[in-house]
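Chains as they are written, first to last, in the working numbering: chain V, 495 to 824; chain F, 330 to 561.
Everything labelled a hint here was simulated from the structure, so no lab data went into it.
Treat the hints with care, since some could be wrong.
Unchecked claim - Listed next, the in silico DSBU-like pairs over lysine-lysine satisfying Cα-Cα at most 35 Å (straight line):
| id | chain 1 | residue 1 | chain 2 | residue 2 |
| --- | --- | --- | --- | --- |
| 1 | V | Lys809 | F | Lys482 |
| 2 | V | Lys545 | F | Lys500 |
| 3 | F | Lys451 | V | Lys785 |
| 4 | V | Lys728 | V | Lys718 |
| 5 | V | Lys785 | V | Lys650 |
| 6 | F | Lys513 | F | Lys500 |
| 7 | F | Lys445 | V | Lys767 |
| 8 | V | Lys728 | V | Lys740 |
| 9 | F | Lys482 | V | Lys545 |
| 10 | V | Lys809 | F | Lys513 |
| 11 | V | Lys728 | V | Lys761 |
| 12 | V | Lys806 | F | Lys451 |
| 13 | V | Lys728 | V | Lys785 |
| 14 | V | Lys584 | V | Lys717 |
| 15 | V | Lys728 | F | Lys451 |
| 16 | V | Lys566 | V | Lys545 |
| 17 | V | Lys545 | F | Lys513 |
| 18 | F | Lys519 | F | Lys482 |
| 19 | F | Lys451 | V | Lys767 |
| 20 | V | Lys710 | V | Lys650 |
| 21 | V | Lys744 | V | Lys785 |
| 22 | F | Lys500 | V | Lys806 |
| 23 | V | Lys761 | V | Lys740 |
| 24 | V | Lys590 | V | Lys710 |
| 25 | F | Lys482 | V | Lys728 |
| 26 | V | Lys806 | F | Lys502 |
| 27 | V | Lys767 | F | Lys439 |
| 28 | V | Lys740 | V | Lys590 |
| 29 | V | Lys761 | V | Lys806 |
| 30 | V | Lys761 | V | Lys551 |
| 31 | V | Lys785 | F | Lys445 |
| 32 | V | Lys785 | F | Lys513 |
| 33 | F | Lys439 | V | Lys809 |
| 34 | V | Lys806 | V | Lys584 |
All values reported here derive from a predicted model rather than from experimental measurement.
Residues per chain, in single letters:
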Amino acid sequence: MTRRILLSASLAAAAGLMVMGETLPAQAQMRAFVTNERDHTMSVVDMDALKVLETIKTGRRPRGVTASPDGKLIYVAASDDNRVEVYDSKTFKMLKTLRSGPDPELFVLAPSGNPLYIANEDDNMVTAVNVENNELVAEIPVGVEPEGMGVSPDGKYLVNTSETTNMAHVIDTTTNEVIENILVDSRPRVAQFNHDGTQLWVSAEVGGTVAVIDPKDKWKIVKKISFEIPGVNKDAIQPVGIRITKDGSKAFVALGPANRVAIVDTKTLAVEKYLLVGQRVWQLAFTPDEKLLLSTNGNSNDVSIIDVASEKVTKSVAVGRSPWGVVVVP
Amino acid sequence: MTRMNARETPMPSTRTRFARPLSLLERTATPLRAGLAAALLLAIVPAAEAAAPAGGLWPCIQPRVDSLAAAQMWDGPPIDGLAWRDDAAVADLVPVLAARRTPIEEAGTKIEEFAKQAGANKDARLTLLFAGVFDQINGLRARILTGIERYSKHQIGLSDRIRAESLDLAKLKKAATTDADKTKAADAEKQLLWDTRIYDTRAQAVTAVCESPVILEQRAFALARAIRAQMD
Numbered sequence: 495m496t497r498r499i500l501l502s503a504s505l506a507a508a509a510g511l512m513v514m515g516e517t518l519p520a521q522a523q524m525r526a527f528v529t530n531e532r533d534h535t536m537s538v539v540d541m542d543a544l545k546v547l548e549t550i551k552t553g554r555r556p557r558g559v560t561a562s563p564d565g566k567l568i569y570v571a572a573s574d575d576n577r578v579e580v581y582d583s584k585t586f587k588m589l590k591t592l593r594s595g596p597d598p599e600l601f602v603l604a605p606s607g608n609p610l611y612i613a614n615e616d617d618n619m620v621t622a623v624n625v626e627n628n629e630l631v632a633e634i635p636v637g638v639e640p641e642g643m644g645v646s647p648d649g650k651y652l653v654n655t656s657e658t659t660n661m662a663h664v665i666d667t668t669t670n671e672v673i674e675n676i677l678v679d680s681r682p683r684v685a686q687f688n689h690d691g692t693q694l695w696v697s698a699e700v701g702g703t704v705a706v707i708d709p710k711d712k713w714k715i716v717k718k719i720s721f722e723i724p725g726v727n728k729d730a731i732q733p734v735g736i737r738i739t740k741d742g743s744k745a746f747v748a749l750g751p752a753n754r755v756a757i758v759d760t761k762t763l764a765v766e767k768y769l770l771v772g773q774r775v776w777q778l779a780f781t782p783d784e785k786l787l788l789s790t791n792g793n794s795n796d797v798s799i800i801d802v803a804s805e806k807v808t809k810s811v812a813v814g815r816s817p818w819g820v821v822v823v824p
Numbered sequence: 330m331t332r333m334n335a336r337e338t339p340m341p342s343t344r345t346r347f348a349r350p351l352s353l354l355e356r357t358a359t360p361l362r363a364g365l366a367a368a369l370l371l372a373i374v375p376a377a378e379a380a381a382p383a384g385g386l387w388p389c390i391q392p393r394v395d396s397l398a399a400a401q402m403w404d405g406p407p408i409d410g411l412a413w414r415d416d417a418a419v420a421d422l423v424p425v426l427a428a429r430r431t432p433i434e435e436a437g438t439k440i441e442e443f444a445k446q447a448g449a450n451k452d453a454r455l456t457l458l459f460a461g462v463f464d465q466i467n468g469l470r471a472r473i474l475t476g477i478e479r480y481s482k483h484q485i486g487l488s489d490r491i492r493a494e495s496l497d498l499a500k501l502k503k504a505a506t507t508d509a510d511k512t513k514a515a516d517a518e519k520q521l522l523w524d525t526r527i528y529d530t531r532a533q534a535v536t537a538v539c540e541s542p543v544i545l546e547q548r549a550f551a552l553a554r555a556i557r558a559q560m561d
């Protein structure tokens, strides 16, 4: 009897080791988390092997995705379940859910890691949630169909774009009040500050432009960048995701159904190059070392890997259906 | 009253979808169910009107894009005016690659094999191969767009007919006194039920039908990428 117990105990221990053995490699590697809007899943990509490590079942219609500053937590906006899900980036288990307000699409974490600012497309609000205790910090009324969310590196300013009003709303995070409305081109999608907070980039999907704004000069538009690709119809050029390198020298802009990522010199604000990636390129994310840039391609159901230094697309990794957002953790 | 042209060729993908309504009709051909279906009609007819687009026949959520742009999937040498049919190996391979029944992985292997045997002009011949694939898929896609519009036209015609039939049926039922009249009304009801079922099933299939141009574009893109990957 005792022997049997011992035996089963050791078997259980062995099984436990096997389970650990399976998850261990995941802990050692850099991982990308890609939300698949149509599959209601999130693909975890091993960034060394450039292969899908695991597919996590999420809430319905996962879109926005971000990571805590330490890379331990992954936040996912499950749009059709009206909640934010929090995952452990190593075990891939869902730890908790956070309130989000209706139809959360995109969100941004304060640089300190708390609170989480969420755009609610359906009720014209930005919801700020304390990620520790799920308490509602603020509900800020903004323009119609709020969409893109950006936060300044010092956390002082939150910028929300509203799809229908065609504006970027600047919110003072100490008072949670809108202090400036910047009129940009049609259907603004994404707002992104550079790392020293001297530029704010806002993409306009239908307008086909990216507005570069100077936060230090009354939030004035410095330039509207437009894009031209020979043989590609203007209508197909729909800027969405934006990422700027930490040294502030280069910006990458995803151009939707033009299937290209534009590389822009942040000083001259001139487009230097267009890279052919996948179909309907949507969001972008750097690896923490900024050696690689990933793009989610919603219609070709893959992620393109771009080598930042050589400015070349090196690989495509197949993920789920309609990949939407992406974040990479060390 | 617009009459449905019975000989109008449905799109291949809709043919199988027509198999179902037959059995459904048999199951629902009791007076109670027929009555229910007629009641449902009230809800269906306005939907039919809503489905008819104001500015054309295009029934899909996806915008109607007349033809694909090669530049959206290809950053290699230009393909305008290339006589790809003049290269026998290319001409043989193009229809195989373009055909949806060829799994995309298998297409990839065939492209690889072609590249290995392409000789000194490998890049030029791969460009020809893409030109052919693009031509074929674009042509097929254009035919599908026309098919979708024909489908939509048919639905609009059918909805008009259903509307007229339902009005006629109400009149027939009201006026039916003899057994012969009642039989006539029952027949009219049966016809109405048939048309409603067909309309309903076709309306449900629109989403899938509208996906076909998207699927073709995905195929063209995947093939372009596989061909480009073989070029130096």
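Going down the list of hints, with the structure as the test:
Proximity of V/Lys809 to F/Lys482 is assessed by CA-CA distance (about 44 Å); at most 35 Å being required, the pair is judged violated. Taking the CA atoms of V/Lys545 and F/Lys500, the gap is near 67 Å; set against the 35 Å cutoff, the hint is violated. For the given pair, F/Lys451 sits about 32 Å from V/Lys785 by alpha-carbon distance, which is consistent with the 35 Å threshold. Using a Cα cut-off of 35 Å, the hinted pair V/Lys728 and V/Lys718 holds, with the two alpha carbons roughly 15 Å apart.
Straight-line distance between C-alpha atoms of V/Lys785 and V/Lys650 comes to about 29 Å, which keeps the hinted pair within the 35 Å bound. Note on F/Lys513 and F/Lys500: the hinted pairing holds, with a Cα-Cα distance of about 12 Å set against a maximum of 35 Å. Of the supplied pair hints, the one linking F/Lys445 and V/Lys767 holds, its CA atoms being roughly 31 Å apart against a limit of 35 Å. Restraint check: the Cα-Cα separation between V/Lys728 and V/Lys740 comes to about 30 Å, which is no more than 35 Å; the hinted pair holds.
For the suggested pair F/Lys482 and V/Lys545, the alpha carbons sit about 46 Å apart, so the restraint of at most 35 Å is broken. At most 35 Å may separate the alpha-carbon atoms for a hinted pair to count; V/Lys809 and F/Lys513 exceed this at roughly 68 Å. The suggested pairing of V/Lys728 with V/Lys761 holds, with an alpha-carbon distance near 25 Å, which does not exceed 35 Å. Between the alpha carbons of V/Lys806 and F/Lys451 the distance comes to roughly 22 Å, so the proposed pair stays at or under 35 Å and holds.
Distance hint between V/Lys728 and V/Lys785 is fulfilled; the C-alpha atoms sit about 31 Å from each other, no more than 35 Å. For the hint pairing V/Lys584 with V/Lys717, the CA-to-CA distance comes to about 42 Å; that exceeds 35 Å, so the pair is violated. As the CA atoms of V/Lys728 and F/Lys451 are separated by approximately 33 Å, the hinted pair is consistent with the 35 Å bound. With a C-alpha separation of about 21 Å, the suggested pairing of V/Lys566 with V/Lys545 holds against the 35 Å cut-off.
Using a Cα cut-off of 35 Å, the hinted pair V/Lys545 and F/Lys513 is violated, with the two alpha carbons roughly 67 Å apart. Among the hinted pairs, F/Lys519 with F/Lys482 is consistent with the structure: their alpha-carbon atoms are about 23 Å apart, no more than 35 Å. For a cut-off of 35 Å, the pair hint linking F/Lys451 to V/Lys767 stands: about 26 Å separates their Cα positions. For the suggested pair V/Lys710 and V/Lys650, the alpha carbons sit about 13 Å apart, so the restraint of at most 35 Å is met.
For the hint linking V/Lys744 to V/Lys785, the alpha-carbon distance of about 13 Å falls within 35 Å, and the restraint holds. This hinted pair does not check out: F/Lys500 and V/Lys806 have alpha carbons roughly 72 Å apart, beyond 35 Å. The straight-line distance between the Cα atoms of V/Lys761 and V/Lys740 is roughly 14 Å, inside the 35 Å bound, and the hint therefore holds. Under the criterion of a C-alpha separation no larger than 35 Å, the hint pairing V/Lys590 with V/Lys710 is inconsistent with the structure, at around 39 Å.
Under the criterion of a C-alpha separation no larger than 35 Å, the hint pairing F/Lys482 with V/Lys728 is consistent with the structure, at around 30 Å. Of the supplied pair hints, the one linking V/Lys806 and F/Lys502 is violated, its CA atoms being roughly 73 Å apart against a limit of 35 Å. Simply put, V/Lys767 and F/Lys439 have alpha-carbon atoms about 32 Å apart, close enough for the 35 Å limit, and the pair holds. Proximity of V/Lys740 to V/Lys590 is assessed by CA-CA distance (about 31 Å); at most 35 Å being required, the pair is judged to hold.
Distance restraint check for V/Lys761 and V/Lys806: the Cα-Cα separation of roughly 21 Å lies within the 35 Å cut-off, and the hinted pair is therefore satisfied. The straight-line distance between the Cα atoms of V/Lys761 and V/Lys551 is roughly 42 Å, outside the 35 Å bound, and the hint therefore fails. Of the supplied pair hints, the one linking V/Lys785 and F/Lys445 holds, its CA atoms being roughly 33 Å apart against a limit of 35 Å. Only pairs whose Cα atoms come within 35 Å are accepted, and V/Lys785 paired with F/Lys513 is rejected, the gap being roughly 77 Å.
Only pairs whose Cα atoms come within 35 Å are accepted, and F/Lys439 paired with V/Lys809 is accepted, the gap being roughly 20 Å. Taking the CA atoms of V/Lys806 and V/Lys584, the gap is near 30 Å; set against the 35 Å cutoff, the hint holds.
Checked against the numbered hints above, the structure breaks hints 1, 2, 9, 10, 14, 17, 22, 24, 26, 30, 32 and satisfies the rest.
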